[in-house]
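There are 2 protein chains.
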Amino acid sequence: MKYFEIIGFLAAILTTVAFFPQVIKVYKTQNTQSISLSMYIVFSIGILLWLVYGFYLNSLPMIIANAITLVSSIYILYMKLKHK
Amino acid sequence: MKYFEIIGFLAAILTTVAFFPQVIKVYKTQNTQSISLSMYIVFSIGILLWLVYGFYLNSLPMIIANAITLVSSIYILYMKLKHK
Numbered sequence: 001m002k003y004f005e006i007i008g009f010l011a012a013i014l015t016t017v018a019f020f021p022q023v024i025k026v027y028k029t030q031n032t033q034s035i036s037l038s039m040y041i042v043f044s045i046g047i048l049l050w051l052v053y054g055f056y057l058n059s060l061p062m063i064i065a066n067a068i069t070l071v072s073s074i075y076i077l078y079m080k081l082k083h084k
Numbered sequence: 001m002k003y004f005e006i007i008g009f010l011a012a013i014l015t016t017v018a019f020f021p022q023v024i025k026v027y028k029t030q031n032t033q034s035i036s037l038s039m040y041i042v043f044s045i046g047i048l049l050w051l052v053y054g055f056y057l058n059s060l061p062m063i064i065a066n067a068i069t070l071v072s073s074i075y076i077l078y079m080k081l082k083h084k
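So the protein lines, in turn, are chains B and A.
Counting along the first sequence from 1, when you hit position 83 you're at 83 in full-length UniProt numbering, and nothing is skipped either side.
Counting along the second sequence from 1, when you hit position 65 you're at 65 in full-length UniProt numbering, and nothing is skipped either side.
Rather than coming from a laboratory, the hints here were simulated on the basis of the structure.
Worth double-checking, as some hints may not be accurate.
[Claimed, not checked] Straight-line alpha carbon distances no greater than 25 Å define the calculated BS3-like cross-link-like pairs of lysine-lysine that follow:
hint, chain 1, residue 1, chain 2, residue 2
1, A, K2, B, K84
2, A, K2, A, K82
3, A, K2, B, K28
4, A, K82, A, K28
5, A, K2, B, K80
6, B, K84, B, K28
7, A, K80, B, K2
[What the hints assert, rightly or not] Residues of chain A clear of chain B, computed beta-carbon distances all greater than 10 Å:
hint, residue
8, L37
9, L60
10, I64
11, I74
12, Y75
Backbone N, C-alpha and C fix where the C-beta goes; we use that ideal spot for every residue, glycine too.
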């Protein structure tokens, strides 16, 4: 794997796992007050499109990263709606 | 431009503009309580790597989308640290 490909993989991993602490914080505190509802609506749609695009490119890293991020994003969105 | 490329562009646009409502909400409310600090630290590093990767691939959409997202992410991170 070329050196720079590692940077791409690292970027995908970091921007995917980045949402885990937010999921945990929302789960523990049940507090979503300062989280933007429209951010997670727009972001979830965008991630869904990245997932579709990943299938189109047949890119496993894109499919895995965006599938995981989609689950995190929809959970935060669900909690935001639940505590509105 | 092939039909599916539009999906990639839309995904990039949505996951970039998604952060604007969160930036505006944080700016207006000055409240970052339910926002995860570690999310935005990890996410900012990840976006920075996507930006580097975009330069490596010489991909203007990746460079533009990630540069804008980086500014949003660092602003939210700054406000989180400021109101810790």
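Hints not upheld, ascending by number:
1, 2, 3, 5, 7 and 8
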